[in-house]
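Participant: Chains as they are written, first to last, in this note's numbering: chain A, 1 to 600; chain B, 601 to 699; chain C, 700 to 821.
Read the hints as simulated data drawn from the structure, not as lab findings.
Backbone N, C-alpha and C fix where the C-beta goes; we use that ideal spot for every residue, glycine too.
Incorrect hints may have been included.
Unchecked claim - Covered, in the sense of this in silico footprint (three residues per stretch, anywhere, with C-beta under 8 Å from a C-beta of chain B), are these stretches of chain C: (1) 722-733; (2) 753-763; (3) 778-785; (4) 797-804.
As the list claims (entries may be wrong) - Which chain A residues face chain C? A few, computed with CB under 7 Å, are given here: (5) A38; (6) E141; (7) G152; (8) V155; (9) V161; (10) L165; (11) I169; (12) S176; (13) H578.
Said to hold, decoys possible - Here are the in silico distance ranges between beta carbons for each label pair: (14) B:A612 - A:V592: 24 to 34 Å; (15) A:H510 - C:R727: 25 to 35 Å; (16) B:T628 - A:E156: 19 to 29 Å; (17) B:A612 - A:Q513: 49 to 59 Å; (18) A:T591 - B:E604: 25 to 35 Å; (19) B:D626 - A:R555: 50 to 60 Å; (20) A:I24 - B:E604: 53 to 63 Å; (21) A:M567 - B:D626: 16 to 26 Å; (22) B:E677 - A:H374: 48 to 58 Å.
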Amino acid sequence: MNTLAVMLVVAPLLAGAVIAGASITPLGRRLADPLGVAVAVAVPAGAVVLIVTVGETTRVLWQGGWEPVHGQAIGVALVVDRPALLIVALVGLLTAAALTWSWHFLADTGASYVVLVLLFLGACDGFVLAGDVFDAFVWFELMGVTAYALTGMRVEEPRSVHGALSFGIVNTVGASLSLTGVALLYARTGELNLAAIGASLRTASADHLVLISCALLLTGVLVKMALVPFHFWTADAEAVAPTPVCVLLSGAMITVGAFAVARWWWVVFDGAVPETAIRHALLGFGAVTAVVGALMCATQRHLKRLLAYSTVAHSGVISCGIGLLSGSGLAAAGLYAVGHACSKGALFLVAGMLLNRFETLDEHELYGRGRRMHLAGAIFIVAGLSLAGLPPLGTWAGKSAYSGALADAHAEWLEVVLVLVSALTGGAVLRAGLRIFVGLGDVPDPGPDTHEEPEGDTPRRRDGFRVLAPPAVLLVLAAGLGLWPGVAAVAQRAGATMTDTGGYVDAVLHNAQVTAPEVTVEPLWQALSAGLGLLAVVLGIAFAVAGLWPSRRPRIVRAALGPVRIMVRRLHDVHRAHVGDYVSWVLVGFTVLGATLLHT
Amino acid sequence: MMAEVVLAVLLAAAAGIGTSVALTRDPTRQALVLSAYGLVLGMLMVALQAPDVALAQIGIGTAVVPLLVVLTVAKVERELSEGREPGDFEEGSDKGSSL
Amino acid sequence: MHEVLGVLPYAVAAWILLVGCYGIATSRSFIHVVVCLSLVQSSTYLMLLMVGWSHHATAPVFADVKPGVPVVDPVVQALTLTDIVVGGAVTALLLALTIQLAKRQGSIDPDRIRSLEEELEE
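Excised from the complex, chain A in its bound form (with noise of 0.2 Å):
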């Protein structure tokens, strides 16, 4: 059992060792795709193994044997615990359908996009157990470099080139913020250990030291959440990143990083810095972060773009369920970050699937020419309404979760910034689709030339069942996802453990055996929470109507959108601009983060 959860971080990095050893002689090259696909697959089923094994309890695993003595820890820990477990089963399927969209894919790379691959697989794993905030820093550091050189794979296409640097150097900043904390945590505890950095923080009350530190940790995962004002990378890496890349950028590393978010609050800081400076700051943060994403991905013509600002709107929405800092709000965050990862795969690989096939991903440009993919239509179709959380699929399971959480913690204000995203981000979504695959609407303007490189060396004239099945998979876990009766319970029960914060330390410290609370589950189907997911799609169906025919929009809408015009125009001028500003923008963000904490 110990040995599987290591291998859960082992595996994939051994895997990707010897595929790039391998891939020196031919046969080796052809063993690439088959064995990476393995690993991929391995591990979320090998962390499912975990889930039904482990239980609800946290098992702690001291490498080396280095197990703490009288509640001191020097060894490194990995700590297997149930919501760790959910999600790096999500990170490895993700991986998985990426490996699988993209088997035969860039080949002249050699093996090395595999390899990054399961690196990137690897260093995820290792960030979520591990249990020492060096470790951690380490993983995430790997986690970005391999993330930067898959972004920036396709060296033959320039805006490529320049995604993958401002990616690189706007998360480099932010790690370094990170480094710095981590620094000034050790400076003030002695510890590296999470659980011991938390029992000796709990001792006093948070001074200004402890605040800043506790703001600079943050700032580099809030660079990975990609949370406004950190967020401008996002669109340029995804926009030009390979599209299975594109899939784990947005639902692995966002969700990861909101992963480490919740998990350093409840072990590290809760009970020393004041929990309404972390409130703010999250719900604050969240709650831009969802309102700019969802205008800006509302008003992009470039699919990839579309969709990489609606993965800001939705990681705003994931910071202000953590930020409710309860563990309802947590499992309503963790099912709305599983249904959102979900759906924009499936998005990203009928993207690429574009891509490929027509060269470019100009919406206008693309206008009806994919009315013979049915199948492929379907699925984007469907994946826009998972998006826009149609009840039951993608992230209606999540926002039906918030609906509860959001009035426990009274904050039912939140819920029209969730129909909000979810109306506009869907129904972006959804324009691009019906425009797309179905033909509908005015002829668009198309524009000046929108030509891309399609990612494969050869490119697929025909879409066979390797293209087709990860995202089609993708979907159907989205859609089962609200259909489960069980998801609730799992979620909600997760959520407590995460919150659980004297259990953590008891189990890391003093080798106790701890066992999640129990909770009472609130069911998800409730009239509220479908009505407003229903809210959601219709609300979504109006703007993707309103977009498809602008001739035949009434007065009075064109009225209404004359400032949000103004406001928009604003909001892309202040995203035109280059690494510099980004970099401006991050010290911004922890200026604004670090007074917020110092000020509650």
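Knowing the structure of chain A, use the given hints to seat chains B and C on it.
Facilitator: Below, chains B and C alone, put in the same frame as chain A:
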């Protein structure tokens, strides 16, 4: 007391040379300043009783990274002089359409 | 240290971090950006080592140190070493990307390369 004075001087030197790294705009010259900065940092690390870290820093920060920078500059200049004219990708069309 | 040097070490680390960010923000060349980025990273080396330093303590090399002699914290030194290596790897990767950028875009000036944010709005 001596140790503190040495440390303070080295810290001040690191801050000063670090500033000139950021303010040196010409990448080749910047590589040289970076190398000097790496050396000061290495000395600072020795003063901080971290000789092995200082070794790594002098190897990577003083030798490898500046060398990489110089090689990059050479390669980039060759690309820019023989490649297409800068400007091929710059023209920005202001064709933003309606919402 | 703290009674003599005060906040000087932390101020120097913060200064280097900020000046590196300033360099990135005002940069006209991606090579310059990457070098400034390595400056930003180097601020963390200082920060870590300062945290572990202690007056009258010697280097944590136990070959010729008798037990009981105070040494500076070896943990932060290990962290710094890791950090230097990671930093070097990131710098190398970003420089390689910069060369590709020069090859494909014909410029490495962040101001002259067209922003990736599409001019085209829906």
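Participant: Hint by hint, which ones does this structure get wrong, listed from lowest number up?
Facilitator: Hints 5, 15 and 21 are the ones this structure does not satisfy, whereas the remaining hints hold.
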